[in-house]
Structures are given as structure tokens and as C-alpha cells.
Amino acid sequence: MKIQPDAAQFPLAFKTVVLAGFKAAKPEVLLNAALMLALLAVPLWAWFADEPFLITLTTRAVIFAIAGVGLNFALGFGGLVSLGHAAFFGLGGYVMGVLAYHAQTYTALLDWPFVIEGSRSMLVIWLVAILLSALLALGIGALSLRTSGVYFIMITLAFAQMLYYFAISWPAYGGEDGLSIYVRNSFPGLNTMAPIQFFAICFVLLILVLLLVKFLARSAFGLALGAARQNEERVQAVGQMPYRLYLIAFMISGSITGLAGALFADLNRFVSPTMFSWQTSGEIMVFVILGGVGRVFGPVAGAALFILLEHSLGGLSDYWHVYLGAILLGVVLFARGGLYGMLTGREAAHD
Amino acid sequence: MSFTLLAEQTLNGLQFGVMLFLMAAGLTLVFGVMGLINLAHGSLYMVGAFAAAAVAGATGSFLLGLVASLVCAAFAGVLIEVLVIRRLYERDHLEQVLATFALILIFSEGTRWVFGSFPLFLDTPAWLGGTVTLPFGIVYPVYRLAIILVGLAVALGLFWMIARTRIGIRIRAGENDREMIAALGVNISLLYTFVFALGAALAGFAGAMIGAIQSVQVGMGEPVLILAFVVIVIGGIGSIKGAFVGALLVGLTETLGRFLLPEFFKLLMEPSAAISVGASLASMSIYLLMAAVLLFRPRGLFGSA
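Going line by line, the protein sequences match chains L and Z.
Residue 163 in the working numbering sits at position 163 of the first sequence, with consecutive numbering throughout.
Take any residue in the second sequence, count from 1 to its spot, add 351: that is its number in the working numbering.
The set of hints was computed from the structure by calculation and includes no laboratory data.
Some hints here could point you the wrong way.
Said to hold, decoys possible - Pulled a few chain L residues facing chain Z out of the computed Cβ check, cut under 10 Å: (1) Val81; (2) Gln104; (3) Met162; (4) Tyr165; (5) Leu343.
What the hints assert, rightly or not - Label-pair ranges, simulated between beta-carbon atoms: (6) L:Ala108 / Z:Gly481: 53 to 61 Å; (7) Z:Ala533 / L:Leu40: 53 to 61 Å; (8) Z:Val433 / L:Pro171: 41 to 49 Å; (9) L:Phe215 / Z:Gly467: 31 to 39 Å; (10) Z:Thr516 / L:Asp177: 31 to 39 Å; (11) L:Phe215 / Z:Trp464: 42 to 50 Å; (12) Z:Leu618 / L:Asp177: 49 to 57 Å; (13) Z:Asp528 / L:Gly330: 54 to 62 Å; (14) L:Leu110 / Z:Leu618: 22 to 30 Å; (15) L:Gly139 / Z:Gly481: 45 to 53 Å; (16) L:Ala237 / Z:Arg442: 24 to 32 Å; (17) Z:Ser468 / L:Tyr182: 24 to 32 Å; (18) Z:Leu485 / L:Asp318: 44 to 52 Å; (19) Z:Met512 / L:Gly330: 31 to 39 Å.
What the hints assert, rightly or not - In silico negatives: residues of chain Z with every beta carbon more than 10 Å from chain L: (20) Leu357; (21) Glu441; (22) Tyr494; (23) Leu542; (24) Phe580; (25) Val584; (26) Met635; (27) Ala642.
For glycine and all other residues, C-beta sits at the position ideal for the given N, C-alpha and C.
Only chain Z is shown next, with the shape it has when bound in the complex (with noise of 0.2 Å):
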């Protein structure tokens, strides 16, 4: 175990972590200002993956099949919104989990009937391929570092909005009185909208961007939607800053303890039990932060008491 790939480990740490904080931020920002607990934010991941798919194999441009997934994810959010979810804001959590657990039965295997049951492949374009030469001689693909780097600028964008726009402002106001800002004139509904497809927008780029690593498949959003609601368990629901937080935690813990624990068992057993042990133990390490999270401080921790 060298220097360097622990570097380079932790890298792809952040840059996953970043990538689950475009989807833990939309849900905490509707769960926040709406009170919806949103299952189908999976499926808008993974539809903001397959239109970028779809546009960049058919254009063989990979910017616009970002610009695509951002369009596409935004409309399939503002549809829903409109014609399932506004309904549910009333409800309790039982009947929105129910519901949005219909959606993704709905989308799951309408993708399937659209595209077919095989994974889509979207590359990486030329110009961010091949890797990069970091300081003290860390080599790393240049695609990934532009994911850290475009995530980074996408969360400072949105705490930039939150905290000093008009539109932050209301949408703060939104999250602790929603009668009082909607007394003073505000159209509430416009802006239910516009949270919840700012949130579908948030997690179909962090498909587009993440189909470009994996593969674009079916039931690709599930997965991340839970580990996003362990981010958002961690950081406390509601704070934007806590899904940040949440999010990298999460992030280096599961991309270094896959990395660590294995190589930190060898010291203790023979080669082919410690990577089964290893993996076994890793696979539980981000459940088990979140349990020990819980542990000192149930409402996460940047949540209010």
C-alpha cells in the first residue's frame, strides 16, 4: 500500500461523495420545505442518466447529453410534481412513501419498455479522457477529477442561492412558515415547483455524470437513493450544509474502508479469508457510521433538536 494510491483512493472518495451530494441535497431540500419524503428521486437520477445517454450516443455530443439530462430530469420532476406529488404534500409519510414507491415501479420498467432491458453505455468524451499528473506525483483520469471539481462548483452554487438570492430567500422562508410567506404574496405552489425540479435537475446531472463511470442501466437510481438517505440521516434532514457533510463522510468511508479493511485484515489472516472478511465488513461500514451517529446524536448533525 503506497502513498500514492491511498491519494489516490481518497480522491475517488470525494469524488463520490460529491456526486451523493447532488442527490441528497434535492431530497433534503423537499423533504425541508415540503415535508416529502421522495423515493422516486432514484428514478430522476436515472433518468437524468438515460437522456444524457440517449442524446450524447445520438449527437456524439457529451455536452449536450449533460444539458439533456438537466432538461430531461427537470421536466420528468415538474410532471410528477404536478400531477402526483402536489397531492401528497397533506398526506402523511406513510401514503407519500407508497406513492413515490408506485412512481418508481412506474419508471423502472417504463425505461425498461423504452430502452430495453440492457445496460447503455455513455463515454467519456475525448477531451476528459486520459489521466492528469497531480502534485507529488498522484496520477489520476482527468474525468474524475472534473467531476470533483464540477460538483464542488454545483455545491457552492447552490449554498450561493440558498443563502443570497431572492429565491433562497423564499425558499428558507418556505421551510419555516409556509402560510406566512404565502400571506405576503408568494405562489407557493411556483414554488413547490420550482424546489422540486431544482432537486430532479440536482440528481439527473449526477446520473449523466455517474453514467459516464458506470453503466446506464434499469434500477441504477435505487442504490444511490439509499445511500443518500444515509447521507441525509447523518447530516440531519432539512440542512443543506448537513448533506454536504453527510455526503463526503459517506463518500471516503465506503471508497476507502473497500480499499482498507481488506488490506487491514491481511495483517491478522490469510490473504483469501481477510478479502472476504474485508469486503464483508466494508460493504457494512456506512450503515455503521450511520448507527454510531445516531448513537450521540439522533437527529443527525447538523439537524435541529
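Chain L with its partners taken away, still in its complex shape (with noise of 0.2 Å):
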């Protein structure tokens, strides 16, 4: 049925729309509003207190957020439980790396056979670094996804165990130093070297991602691979292939974490090896745990509390992680479904 909003309707049918938002008002969209407003109300409460560090920390939880709702496609919605996204993560850094280290000292990338130039456009930059990411995974996961269950797990933290090595071995750019970029990349219109302007572009490209991730779980392709995380013999049944809906999504799922991992870079404007390195795969996980498996915004909520956590109890001991790793200890024993879990009262976001 199709409704016409002719003139006479339009306010009715207006009502019936926010009054069914009312109704679907459950706690987790309320916490998702309050969420993404807090993380919006932090930086520029900040910004009027001339307190940049602040915008820089929140800009940070934004970033690891699009991380860990790049992993969570693939673990929260196709079961794909990848202990190597640092591979992603890292391979965006380095895609802003080595761009802008071209673009900076003036030689070309590649001579032959065809001229590639360095870029210091961030628009350049992110759509190298989403399309290579989106190759990585093809590869990657052409590969491991003929297994499944632990050797996935294990397979993928071997993959990006393998890109750590290579760019400590690849002496070209850094080697185990790292590189450095002197300036952050440019945007049109945009000074990015203030940081709410930079945070402002982070927290866009946050929601634009949330809206994807939003659009994708309720589209066909989301559905079937919602189904064949519960089910793979009856989707194979009705004629879906597991092994592509998995790769795909494998794809979708790294392109954005390498999205993210550019931004890091420009954020920090300096890329290392650290960023391939099991603890990033490791923390990128977490984020998506503390939040909540599966939940479109939970990453977003795993990843404030990460860096609310590191930020309080890095100020209390140096020795920090011990708590984190006690906190997580306790989230993974005792509080499954991880903060929206315990705030929505659902262990689960589904089945």
C-alpha cells in the first residue's frame, strides 16, 4: 500500500510517523540519541573551554568507534568472529602514510608503468584507503573463509601477524619507526589542523557509517546474511550462497575499519607498524564487546567506554591495563551482551 501525501493527509500521516517513533522509542534508541549527543556535546563544550585535548580524546573514541563498527558487520551480523581487522586498520593507515609521504617530498609512488602521484586530499586518501582495505579483505578472506569457527579466528590474526612483520621488514617507509607526516591532509573548505574541524569530519563520517551499517542489516543482502550466521543449510536451501554473503560482508566490513584506520593516521600524523599489531585486532574487539555484540551502535558505546576507561584509570597507575583487563574479565563472565546488554536488559540483540 502506498500512502499519497497529498496535502490534506500530510499532517495526519505525519502524526501517525511520530507517534510510532514514540512507540518504537525502546530504551536502546534512547541511549543511542543520548550517546551520539554526548559524544557531540563533549568536543564543543570543550571548544568554548579552549580545552583541545579533550576534542583530540573524544575525536579518538569517534575513530575507534567506525573501527569497531567496521568489525562489528562482520562479527555482530555475519558471526565472523576476526581476530586480524588491525590489518585493515593498519592498511589505511598506510594507504595516508605513504600518500602523503609522496606528496610531501615530491617524488612520484610509482614511475612505471604509469605515473601515480602522492595526495594530501583526505577525499583521495579515504578512497584508496577503503578500496584497498576492501581488496585486503577479498584476499584475506577468500582465503579463510573456507574454514570456519576457531580456524577463522586464528587464520586471520596469523594475516595481519603477516603485514605487521612486512612493514617492520619494509624499510622504504619507516620500517619499524614508522612515518611521520608533518601537516594533516587537506579537505576542501576545512582548516583539519583545528581540532573541531577535524572532529567534525570524524563524527560525520561516524554517522554516515552508523546510517550504512543501519541500512545494510535491514536490506535483502543483511537479512540473508543474518540468516546464514543462524542458519547455513536452510540458506543454502533457498538458493543464497553462505561462502559469497560472507565475503562480501568480510569486504564491507574492512573497507570502513581501513576508513577508520586513515583517520587515526591524520590524527595522529604519524603511522607505525603498531597499528598491524595483534593488540590493535585485540582492542578493535573489545570495542565491540563492551558495547555489545550486534547492535548497530554498540561499538560506538564500546569504544567511548575504552577511552573513558583508558583515560580515568590510565591517570590512577601506569599499570592500567591490569584493571581493563579485569573490567573486560568480568564484562565477558558475568555481563554478556556488554553495556547495552546490561542497560537495555536484553543479553542479546537478536535470536
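Fit chain to chain and form the complex, with the hints in mind.
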């Protein structure tokens, strides 16, 4: 049935929508709104109070949230427990580092068979980061999706480690020391060196990514993916190929995390092999779990909580990872469903 | 490149492989019997190395250090099995990964708290110092040769235990059907604790042996853990024989790749470029080996289909 939006009907239709909106305003929706508002309010307050460090801290949380949303797409919706998302995070970082390095030194990235120049434009860097991450995810996914379960965890971890060692032993781009960029890359119409403006870029990207994931999760593809996670045989029986669904999900997931990597490198104006390390993979997974697996906004809450813990516990003790470990252990053993599960009173996001 | 150098590198690869086997054996046993993926296995390796370094440093006896590594790692294993791991057997792999990742954080920072950030050093004892001349004029350090021999002896012992002893029978039965052996009156939770402690002791022992060649420091366990994962993926999860073959393959590929690939590229390009290309490729070689195995046998060389 189609609603004709003629003048007389419009207020009524509008009212219905608003009412439906309030009816659907479950704790989860309110939580999402509160979370996004808080993420926006903190840096705005810091901007007025002239506390640039706080803005940078929130920007970090927003970038980690994007990385987490990327992993959550594979992990929460596709059930693919990837412990190697540092591969994409690091690749995104190195795309920014390498392109900006060549632009900064006025050298070509490639002379033959065709000339590729470096770039300082964020838009170009993002695009390259997204495309290359998707390509890498295609390679890693095609191999590791031949297996499942615990094999998949170990193989994704191993491939990320391979890139880590490759970055260390490749001397052209700094090897173990990493690569510094003097000036943050440019975005048309904005001064990216101003913390609040760079924050705005990241925040808008986070919203776009969240909308994309929300849209994908409700699309035919997302439904087929969720069905494949729950019962592969049935999905196969209705003519879908789980392998292909997983592979596409893995590519989308990898490219989102790759974008986050490019932003993270731009935030620090520095990229090093640490971005490829297994700890990074673990931390991205922690964002997802702390927030709640399979919820679109879960990783946002997880990343914000992680940064909050890092900041508050880090001031308490140099060994704050002990406390982080204890909290994490507590969440896994006793508070299944993460922050979202606790606050909205449901353990699992679905099924 | 001479024959003796090649032989020496092959022995180094063998030595590395044998130590990887000690790590991988524990991981694959724990997965095979309890269905648990344990990221904290690398921490047990580290615990063994630190215990050995501390005790050997205090008493001056390397052997006491080795004993301490076994005891401390096994004790740490029992402790985390009873407190944490036991609650994870029925959970899915994601939660196991997260909880054991949390354990890594606690172990690593806890060790840094106690021992500080500077690496410790564990000296090889005088009676294992020096070199020995093997047939064909190969000169090789005694200590590394001892690692190979001890490692092979432990591997043989493990095979014998699994195949021939009562506890081995129970372990294999536990892999196949845990309800059935529980119904037959075997204390399954005790068996699980034993298997976990056994894997922990093997990892700790490997940490102590390697600690005398490399420095003993926080975070030493995780790179080895990831290599052990590669070993298991190549060998097939749950198979001790697969872990052995995979460990030797990975050890030899890693060591010989690092040695041969730069030499090979020197034939094609100028030396400095050859060394950097060779080193980068060598760092990827074992993962390429893993990818190749996956292409043909997704369940590993000895994995059950």
C-alpha cells in the first residue's frame, strides 16, 4: 500500500509517524541518541572551554568507534569472529602515510608502467584506503572463509601478523620506526589542523557509516547474512551462497575499518607498524564486546567507554591494563551482552 | 654460502620448530579435548621464562630454573583454569577469545608490575656452553643442540603418554565423547584441569629454554603464540602429530627463508635491495605456507574433515 502525500493527509501521516516513533522509542533508541549527543557535546564544550586535548580524545573515540562498527558488521551480523582487523586498520593508516609522504617529498609513488603521485587530499586518501582494504579483505576472506570457527580466528590473526612483520621489515616507509607526516591532510573548505574541525569530519563520517550499516542490516543482503549466521543449510536451501554473503560482509567490514585507520593516522599525523599489531585487533574487538555484539551503535558505546577507561584508569596507575583486563573479564563472564545488554535489559541483540 | 652454514641454519630451524611444537602441543590438546581457544597460552610461556630467570638468578642453578618454569607455569595454568577458563568451556569462541585476551592484559601488566619493564637475562649454564663439532665438520652450539634433543625427548614422551598410558586413553576419550567418559566414572573436571596444566607446563618449559637464547621480557609470548596458531592451522586442530609436522615445517621455513631468500635475490639485484626484499618476503613466508596449505587442505594436513 502506498500513502499518497497530498496536502490534507500530510499532517495525519506525519502524526502517525511521530507516534510510531515514540512507540518504537525503546531504551535502545534513547540510548543511541544520548550516546551520540554526548559524543557531540563533550568536544563542543571543550571547544568553548579551550581544551583541545579533550577534543582530540573524543576524536580518538569516534575513530575507534568507526573501526568497531566495521568489525561489528562482520562479527555481529555475519558471525565472523575476525581477530585480524588490525590488518585493515593498519592498511588504512599506511595508505594515508604513504600517499602523504610522497606528496610531502614531491616524489612519485610509482614511475612505471604509469605514474602515480602522492596525495594530500583526505577524499582521495579515504577512497584509496577503502578500496585497498576491500581488496585485502577479499584476499584474506577468500582464504580464511574456506574454514570456520576457531580456524577462522587463528587465520585472520595470522594474516594481520604477516602484514605487521612486513611493515617492520620494509625499510622504504620507515620500517619499525613508522612514518611521520608534518601537516594533516586537507579537506575542501575546512582547516583540518583545527581540532574541532577535524572532529566534525570524523563525527559526520561516523554517522554516515552508522546509517550505512543500519541500512545494510535491514536490506535483503543483511537479512540473508543474518540468516546464514543462524543456519547455513537453510540459506543454502533457498539458493543463497553463504560463502559469498560472508565474503561481501567481510569486505564491507574491512573497508570501514580501513577508513578508520586512515583517519587515525591523520589524527596522529603518524603511522607505524603498531597499527597492524595483534593488540590493535584485540582492542577493536574489545570495543565491540564492551558495547554489545550485533547492535549497530554498540561499538560506539564500547569505544567511548574504552577511551573513558583509558583516560581515567591511565591517570590512576601506569599499569591500568590490569584493571582493563579485570573489567573485560567481568564483562565476558558476568555481563553478557555488553553495555547495551546491561542497559536495555536484553542479553543478545537478536535470536 | 657453504654447506656447513646451510646445515647450521637447518639445525636452527629444527631447534625453533621443536620449541614451537611444545607451544602448539598444549594449544592443540586444550582445543581438542575442551574445545577452547586459549590466547593466554603465550602468557604461560612468559611466566615460565620469568620464573626460570628469577630462580636461576637467585640460586645460580639453571636446572632449578627449569624446574621452576615447569612448576610455576603449571601452577598458573591450574589457577586460571579453576578461576576463569572452566567457565568458558560451554561458551562460544568469541567469549573465549575475549576472556583470554583479558587474561593476557592482566598477566602482561602484572609481570611488568613485579619485574619492571627491563628485560631479564637467563644465562646458559657453563656445562652447556661452548660448541660441539658434529659430523661433516658442522660446528654447533651445545645449548641449541641440547634444546633440539630435549624437545624431541619431550615430544616422544608426549606421544607415548597419549598413546600408551591410562591418562592418555582418558584424554583421547575426552576428545571423542565427554559425556560418555563422565558416565563411566572419570572425573572430567579433574581431567580438564590436568590437560590445561600439562599444556601450561609445556609452554612454560619452552619459554625457559628459549629465554636463555633471547631476552626474557613482557610480551615475549604473543609472537610465539601466533606462530603456534599458524602451526596448528597447518597441522590441523586437535592433532598432536599435525602439531609436530607443522611446527617443524614452520620452524624450517622461517629460519631458512630468512637465510636463503636474501641470498636468492642477490642473484637478481644489487645486494642492499636484495636484502630488504628478501627480508620482507622472508617475514611473510610462513603465512604464505599457511595460505598454500589452506588452499588444498582447509582443515590442515592432519585435521579430520
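Consistency of the hints with the structure:
1. Annotation: interface hint on Val81 (chain L) holds; nearest CB of chain Z at approximately 5 Å, less than 10 Å.
2. For Gln104 (chain L), the suggested interface contact is broken, since its CB lies about 22 Å from the closest CB of chain Z, more than 10 Å.
3. Checking Met162 (chain L) against chain Z by beta carbon gives a least distance of about 4 Å; that is within 10 Å, so the hint holds.
4. Contact between Tyr165 (chain L) and chain Z, as hinted, is supported at the beta carbon level, the nearest pair being about 4 Å apart and thus within 10 Å.
5. Because the closest C-beta pair between Leu343 (chain L) and chain Z is about 19 Å apart, greater than 10 Å, the hint is violated.
6. For Ala108 (chain L) and Gly481 (chain Z), the Cβ-Cβ distance of about 54 Å falls inside the hinted range of 53 to 61 Å, so the restraint holds.
7. Remark: the range hint 53 to 61 Å for Ala533 (chain Z) to Leu40 (chain L) is upheld by a beta-carbon distance near 55 Å.
8. With their beta carbons about 48 Å apart, Val433 (chain Z) and Pro171 (chain L) fall inside the hinted range of 41 to 49 Å.
9. At roughly 51 Å, the beta-carbon separation of Phe215 (chain L) and Gly467 (chain Z) lies outside the given 31 to 39 Å, and the hint is violated.
10. As the Cβ distance of Thr516 (chain Z) to Asp177 (chain L) is approximately 52 Å, the hint placing it in 31 to 39 Å is violated.
11. The supplied range of 42 to 50 Å is met by Phe215 (chain L) and Trp464 (chain Z), whose beta-carbon atoms lie about 47 Å from each other.
12. Distance hint check for Leu618 (chain Z) and Asp177 (chain L): the Cβ-Cβ separation is about 30 Å, which falls outside the suggested range of 49 to 57 Å.
13. Range check, Asp528 (chain Z) to Gly330 (chain L): about 34 Å between beta-carbon atoms, so the 54 to 62 Å window is missed.
14. Take Leu110 (chain L) and Leu618 (chain Z): their Cβ atoms lie about 25 Å apart, and the range 22 to 30 Å holds.
15. Between Gly139 (chain L) and Gly481 (chain Z) the CB atoms are about 48 Å apart, so this pair conforms to the stated range of 45 to 53 Å.
16. Between Ala237 (chain L) and Arg442 (chain Z) the Cβ separation comes to about 29 Å, which falls inside the hinted range of 24 to 32 Å.
17. In this structure the supplied range 24 to 32 Å holds for Ser468 (chain Z) paired with Tyr182 (chain L), their Cβ-Cβ distance being about 31 Å.
18. The hint said 44 to 52 Å for the Cβ distance between Leu485 (chain Z) and Asp318 (chain L), and at roughly 48 Å that hint holds.
19. Between Met512 (chain Z) and Gly330 (chain L) the CB atoms are about 37 Å apart, so this pair conforms to the stated range of 31 to 39 Å.
20. No Cβ of chain L approaches the Cβ of Leu357 (chain Z) within 10 Å, the least distance being about 22 Å, so the stated non-interface status holds.
21. Listed as outside the interface, Glu441 (chain Z) is consistent with that label: its C-beta sits roughly 12 Å from the nearest C-beta of chain L, beyond the 10 Å cut-off.
22. Against chain L, the non-interface label of Tyr494 (chain Z) holds: every CB pair exceeds 10 Å, the least being about 26 Å.
23. For Leu542 (chain Z), the shortest C-beta to C-beta distance to chain L comes to about 21 Å, beyond the 10 Å cut-off, and the non-interface label holds.
24. Under the 10 Å C-beta cut-off, the non-interface status given to Phe580 (chain Z) relative to chain L is violated; the minimum distance is some 4 Å.
25. Not every CB of chain L lies more than 10 Å from the CB of Val584 (chain Z), the least distance being 5 Å, so the non-interface label is violated.
26. The claim that Met635 (chain Z) is not at the interface with chain L is violated, since a C-beta of that chain comes within 10 Å of its own (minimum 5 Å).
27. With a least CB separation of 5 Å from chain L, Ala642 (chain Z) falls inside the 10 Å interface cut-off, contrary to its annotation.
Of the hints listed earlier, those the structure fails to meet are numbers 2, 5, 9, 10, 12, 13, 24, 25, 26 and 27, in rising order.
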